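**Student:** Protein sequences appear in the order of chains A, B, C and D.
Using our numbering, the final residue of the first sequence is 104, and nothing's skipped along the way.
Using our numbering, the final residue of the second sequence is 104, and nothing's skipped along the way.
Using our numbering, the final residue of the third sequence is 104, and nothing's skipped along the way.
Using our numbering, the final residue of the fourth sequence is 104, and nothing's skipped along the way.
It should be emphasised that the hints constitute simulated quantities derived from the structure, not laboratory data.
Check before you lean on any hint, since a few could be wrong.
Identical chains blur together in the list; that is why a pair holds if it fits in one copy or across any two.
Cross-link-like lysine to aspartate or glutamate pairs, in silico, DMTMM-like; alpha carbons within 20 Å at most [said to hold, decoys possible]:
1. Lys46 <-> Glu22
2. Lys46 <-> Asp25
3. Lys69 <-> Glu22
4. Lys77 <-> Asp52
5. Lys69 <-> Glu97
6. Lys104 <-> Asp82
7. Lys77 <-> Glu22
8. Lys88 <-> Asp52
Since the structure is predicted, the reported quantities are computational estimates derived from the model, not experimental observations.
Number of protein chains: 4
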Amino acid sequence: MDSKEATCCKHKDCSEKERKDLINRLSRIEGQIRGIKGMVEKDAYCTDVLVQVSAVTAALNSFNKALLANHIKTCVMDDIKAGKEETVDELVETLQKLMK
Amino acid sequence: MDSKEATCCKHKDCSEKERKDLINRLSRIEGQIRGIKGMVEKDAYCTDVLVQVSAVTAALNSFNKALLANHIKTCVMDDIKAGKEETVDELVETLQKLMK
Amino acid sequence: MDSKEATCCKHKDCSEKERKDLINRLSRIEGQIRGIKGMVEKDAYCTDVLVQVSAVTAALNSFNKALLANHIKTCVMDDIKAGKEETVDELVETLQKLMK
Amino acid sequence: MDSKEATCCKHKDCSEKERKDLINRLSRIEGQIRGIKGMVEKDAYCTDVLVQVSAVTAALNSFNKALLANHIKTCVMDDIKAGKEETVDELVETLQKLMK
Numbered sequence: 005m006d007s008k009e010a011t012c013c014k015h016k017d018c019s020e021k022e023r024k025d026l027i028n029r030l031s032r033i034e035g036q037i038r039g040i041k042g043m044v045e046k047d048a049y050c051t052d053v054l055v056q057v058s059a060v061t062a063a064l065n066s067f068n069k070a071l072l073a074n075h076i077k078t079c080v081m082d083d084i085k086a087g088k089e090e091t092v093d094e095l096v097e098t099l100q101k102l103m104k
Numbered sequence: 005m006d007s008k009e010a011t012c013c014k015h016k017d018c019s020e021k022e023r024k025d026l027i028n029r030l031s032r033i034e035g036q037i038r039g040i041k042g043m044v045e046k047d048a049y050c051t052d053v054l055v056q057v058s059a060v061t062a063a064l065n066s067f068n069k070a071l072l073a074n075h076i077k078t079c080v081m082d083d084i085k086a087g088k089e090e091t092v093d094e095l096v097e098t099l100q101k102l103m104k
Numbered sequence: 005m006d007s008k009e010a011t012c013c014k015h016k017d018c019s020e021k022e023r024k025d026l027i028n029r030l031s032r033i034e035g036q037i038r039g040i041k042g043m044v045e046k047d048a049y050c051t052d053v054l055v056q057v058s059a060v061t062a063a064l065n066s067f068n069k070a071l072l073a074n075h076i077k078t079c080v081m082d083d084i085k086a087g088k089e090e091t092v093d094e095l096v097e098t099l100q101k102l103m104k
Numbered sequence: 005m006d007s008k009e010a011t012c013c014k015h016k017d018c019s020e021k022e023r024k025d026l027i028n029r030l031s032r033i034e035g036q037i038r039g040i041k042g043m044v045e046k047d048a049y050c051t052d053v054l055v056q057v058s059a060v061t062a063a064l065n066s067f068n069k070a071l072l073a074n075h076i077k078t079c080v081m082d083d084i085k086a087g088k089e090e091t092v093d094e095l096v097e098t099l100q101k102l103m104k
């Protein structure tokens, strides 16, 4: 676990710009959740809440797609070239979890 | 839109207790999102982030299941009995969005 | 189980036309599965197979959306009006399974 | 397109045994679809049909997980080692489609 820290985004292709984009996405999602909490507190109509929650789920899915694409194009590719094939097993395992 | 405000959770079965449960779930989810933001800021390993995001997606899905069950057992049922059949059309439309 | 047989589509709104539409959808899906089997037998490229399987999943989802809409607008609504409220519990239970 | 034919499963790790397993899964899924068609023809209860369709969706998802794991561990890994980096772009693109 410890040895993995800071591995992924130290790769050449995960620039500061990409990290900022990911953090901005998460800040927007956090704001959406707060907005939904406000809706529930103010007794908003259920179906409006259901649709907003779906929008957050879609935003999280987009986030994961962006992060996964970046991970494969940097960490996974570099590790395979460097002969660290266990990164592939780990990718496969992660994908099984994401596709549950 | 305006006329819908405050409709759903005024029903007999959506007690203060249920609303509190929904708000607590959203607060926990907000905390999870903040945790993931911290992970990205600290360069955590991508696959750890991907798995945490999946956990939030699952929590949002559970939230929607709870809210939908409550909505159907209160609003939808009462409205059908009262002859307001448009609530059924609206439920069907919402489900189509949730099942996309 | 036995007592449920033939309940749903005997309702006024599930015409012969609707049943035929559902059966046609399933026949097309069956054909798609056979096509994918042929692809695997002929050593087709994996990603082409993956994308075809996704298309079938989407078709099954559309099928379920159509069937669910019809079920709610006929069975569920009629049963609620007739005071058979257990149909609502059953709907909620089914939705929980579909949203897993 | 043509040049891709027969690429994937010619790799060392996609044995005849693996292909047979994939084809058997598809034959079972085809049988499940035929079973559902029979249910609809015989007016089975809607919720029973909905749940069976969900089971097929889960089976297709398992199929895709198995095929994807095999694809990554053979084609993708071999192609990266051979310097064919376009296979990675293609994998990323396919994953975006599967995670829609």
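**Student:** Between copies, within a copy, both or neither: which fits lysine 46 and glutamate 22 at Cα up to 20 Å?
**Tutor:** Classified as between: cross-chain Cα gap 14 Å, same-chain 37 Å, threshold 20 Å.
**Student:** With identical chains, the pair lysine 46 and aspartate 25 could be close in the same copy or across copies; at 20 Å between alpha carbons, which is it: within, between, both, or neither?
**Tutor:** between (32 Å within a copy, 15 Å between copies)
**Student:** For the identical chains here, do lysine 69 and glutamate 97 meet the 20 Å Cα criterion within one copy, between copies, both, or neither?
**Tutor:** Cα proximity of lysine 69 and glutamate 97: in one copy and across copies (16 Å, 10 Å).
**Student:** Measure nothing new, just compare the shortest in-copy and cross-copy C-alpha distances for lysine 104 and aspartate 82 to 20 Å and report within, between, both or neither.
**Tutor:** Neither: 27 Å inside a chain and 26 Å across chains, both beyond 20 Å.
**Student:** Taking 20 Å as the upper bound on the Cα-Cα distance, should lysine 69 and glutamate 22 be classified as within, between, both, or neither?
**Tutor:** Classified as within: same-chain Cα gap 13 Å, cross-chain 28 Å, threshold 20 Å.
**Student:** I want to check one pair: lysine 88 and aspartate 52. Are their C-alpha atoms no more than 20 Å apart within a copy, between two copies, both, or neither?
**Tutor:** Answer is between: at 18 Å across copies they meet the 20 Å cutoff, but 48 Å inside does not.
**Student:** Regarding lysine 77 and glutamate 22, is the shortest C-alpha distance of 20 Å or less found within a copy, between copies, in both, or in neither?
**Tutor:** within (13 Å within a copy, 28 Å between copies)
**Student:** One pair to classify: lysine 77 and aspartate 52, alpha carbons no more than 20 Å apart. Within, between, both, or neither?
**Tutor:** between (38 Å within a copy, 17 Å between copies)
Of the hints listed earlier, the one the structure fails to meet is number 6.
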